[in-house]
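S.K.: Per UniProt numbering: the sequence shown = residues 1 to 797.
Among the hints, a few may not be true.
Claimed, not checked - Quick list of in silico lysine-lysine cross-link-like pairs, DSSO-like style, CA-CA up to 30 Å:
1) K716 - K646
2) K184 - K549
3) K549 - K510
4) K200 - K130
5) K336 - K467
For the record, the hints were derived by calculation from the structure and aren't laboratory data.
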Amino acid sequence: MSISAPTAASAAATTSTPRQPAWHQPAPKAEVPVLKIYNSLTRQKEVFTPANGRQVTWYNCGPTVYDAAHIGHARLYMTVDVLRRVLEEYFGYDVLLVMNITDIDDKIILRARQTYLFDQFRNQHVESGKGLTDDVREQVTELWKTYVARTFGDAAAHAWPKFYTKAVMEQTGDLVVDAKRVLKLKQAAAAYDALQQHAKVQSVEALETVLAASRDIIATALDVNLGHTVTDQQVFRDFAAFWEDDFLKDMDGLGVRAPDVLTRVSEFVPEIITFVEQIVANGYAYEADGSVYFDTRAFHANPNHHYAKLEPWSVNSEALLAEGEGDLSTNLTHRKRAPADFALWKKSKTGEPFWPSPWGNGRPGWHIECSVMASAVTGTQLDLHSGGIDLAFPHHDNEIAQSEAHFGCDQWVNYFMHVGHLHVEGQKMSKSLKNFFSVKDALQQYKPSTLRMMYLQQHWQGGMDFKAATAQEAMAAEATLRNFATNVRALLADYRANPPAFTGAHDFRKGEADLLAHLQSSQARVHAALCDNLHTPAAMDALLDLVSKTNVYLRNVEAAKQHANAYLVAKVAKYVTRMTKIFGLTEQGAEIGYGFPESDAESAAAGGASRDEVVLPYVQALSKFRDDVRAAARTGGSDLATTVLKLSDQVRDDVLPDLGVALDDRDGGRALVKLVDPAQLRAERAEKKAREATKPAAKAEAARKAAVKKLERLYKGRFSPKDLFKGDEYGKTDADGVPTHDAKGEELPKARRKKLAKEFDAQRKLHDEYLAAIKEGKIDWAPLRDEYAAKGEKLDV
């Protein structure tokens with residue numbers, strides 16, 4: 001046998017170093033969406049590109065603190081909180097969020113003075129103990145006249161009843177469309193009525209009643225007369241501090257995370273002055289009688305600048321421009337070079353807070369504060385700026401203009417996000433419409449997570465209608481997520497306690513493959529939704545759809561008497577929980593769950609209570625059940641099994657719910673054990689008992705209706721079918737008595753004869769039933785007679 005010599009190639013193969021085969025870069029199967037945000041600066045969705053990699057600088061307009069926060073504020077700040085969490089925890093950006101507190105503003109000055117002067121007036125007269133004397137009544141009356149004359153005119157003050165009657169009856173004009181004017185009308189009427197009702201009463205109680213009814217009237221009139229005398233700067237600081245604290249407590253109650261940096265206008269006055277000086281030096285502002293105004297014409301004339309980037313169509317809106325300047329500045333507008341010019345620095349009048357400046361004693365304008373504080377923290381450019389849509393013009397447009405004038409740049413903000421308006425039951429929220437809800441009002445009615453879910457299910461950019469149906473939808477979504485988490489936790493606990501026996505068969509069947517596909521599809525849907533302008537409603541829909549499909553899987557497995565794939569179900573639940581944590585709906589420590597601990601038992605368990613405190617109530621319940629079973633066994637008897645089952649149901653229904661334990665009976669005899677908020681279980685138990693309590697009455701009512709229905713058939717069946725067609729309408733009939741011809745002798749159409757035959761047959765059946773009942777002697781017409789009497793009719797039997 002000959003051996004051939006090795007070839008060069010084979011020799012090289014046996015002597016060279018082994019190498020890995022070539023690797024190919026995988027190609028994506030589908031295009032991966034990127035985050036796009038609707039940018040008010042372009043009125044379209046733009047790819048989100050921070051200026052500095054993963055770092056995001058973000059400024060959100062904070063509150064002007066002069067009153068309690070309402071659900072409109074809640075919508076804004078909870079929505080921004082959700083968007084911030086998504087950027088940080090889902091997309092992984094390093095966000096620096098700055099928010100301001102406006103504690104210097106015309107509204108604050110007015111309300112602080114009014115509150116201070118009213119409190120002085122009230123304390124002076126209440127503490128005297130003299131009650132509603134003629135002198136006090138006269139003072140209140142004069143203050144009322146001052147208010148009414150300034151608000152509605154002198155004629156209204158001198159002939160109020162006539163004016164008020166006409167105003168109430170009027171169906172058109174400002175009194176219908178101007179909610180603020182309507183509110184003022186109602187306040188003036190309430191004060192007038194209180195004075196009239198207590199015209200001859202001088203008690204302290206009468207004084208308190210009149211002051212309570214006239215508070216806003218008196219405060220406003222006192223400010224007109226005495227506002228200039230309030231010179232103590234602490235009055236304004238204390239007032240703003242009170243409402244700032246109230247606002248922050250409300251935000252904490254809503255679960256809104258605090259900003260990374262919180263700024264106050266009063267703490268940045270030196271920086272504001274320097275900022276304004278630079279704008280003046282750059283030629284875009286001018287001084288006029290102690291105030292400094294931004295020169296919109298000079299700014300707009302520069303080819304590198306553009307005034308009103310957000311809403312250029314609003315530049316000529318006198319109402320918006322006036323609102324942007326404030327209630328205390330309306331008499332200073334004649335000093336401006338152009339109507340759109342706005343105050344960077346306001347000369348302070350007597351009765352207003354002030355700080356020294358190169359232009360004299362004054363205070364910051366409203367718009368300048370945000371530019372200065374945002375820039376002081378984040379630098380010369382912002383990635384994101386957010387706020388309510390009502391601030392777009394003039395506030396945000398003025399911010400942009402003065403910042404770009406200061407820095408000499410053409411784009412101070414890269415992305416502007418505006419959260420949409422909130423209405424209540426289709427109407428603008430207003431105290432005059434009695435649809436005004438403070439945050440505290442809302443939190444008395446709804447859980448914070450319910451409010452958050454309501455806002456999540458509406459797109460941040462669009463308007464929102466706060467109504468009962470929206471709340472019900474949110475609560476239904478919450479119940480779905482909460483029950484799902486509870487069931488999965490119970491399933492996993494049961495799986496660990498009672499692992500399925502080895503059968504040699506795997507548990508990744510078609511149902512599991514479908515569930516995994518649903519999970520992956522939902523993850524893709526959630527990602528696409530959040531990339532698409534942070535579309536939380538679509539993301540939430542995808543999560544709820546995933547939960548629904550998982551519940552179907554669990555029901556199918558149970559129906560087939562199979563074991564669920566616990567690991568796959570856990571993966572689904574962990575993903576759903578992760579997303580609800582990102583949205584701020586679930587506590588951060590939960591691996592599988594929904595919501596936050598509310599009951600004492602949950603809080604104790606979460607807070608590391610002692611073993612005795614946590615375990616003892618459950619052991620005591622078990623021990624008592626054992627005692628009851630032993631007692632039943634000693635008693636014996638044929639009903640022992642019934643007694644034990646009854647005791648078991650009592651433990652399930654009456655004992656364990658108070659401990660936060662729910663037992664779901666399953667086929668096979670082993671219950672599914674679930675740990676649930678005791679308050680929720682108690683509420684469900686109460687609801688079940690209420691339903692049970694109504695069952696006898698409902699059963700009796702159903703029986704009554706059935707009897708009435710049967711009697712109505714008998715009542716109709718009193719007449720023989722041959723009596724149906726007697727009269728002048730028909731002529732000949734067939735053998736049964738069904739008409740074949742009309743009164744003129746013309747044969748009836750076939751369709752008509754068919755219909756009459758059906759009527760005849762129906763009446764024959766009814767008559768047969770009637771005759772049978774008569775024969776049995778079982779007709780009691782009383783229920784039907786009562787039914788007719790209730791309708792005002794009489795039964796003819």
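S.K.: Quick one, are K184 and K549 close enough, alpha carbons at most 30 Å?
M.R.: violated, 54 Å
S.K.: Does K510 sit within 30 Å of K549, going by the straight-line distance between their CA atoms?
M.R.: Roughly 14 Å separates the two Cα atoms, so the pair holds.
S.K.: Taking only the CA atoms, is the gap from K336 to K467 under or equal to 30 Å?
M.R.: Answer violated: K336 to K467 is near 44 Å, above 30 Å.
S.K.: Run the distance test for K200 versus K130: straight-line Cα separation, threshold 30 Å.
M.R.: Holds, because 14 Å separates the two Cα atoms, which is no more than 30 Å.
S.K.: K716 and K646 were given as a pair; does the straight-line alpha-carbon distance stay at or below 30 Å?
M.R.: violated, 49 Å
Of the hints listed earlier, those the structure fails to meet are numbers 1, 2, 5, in rising order.
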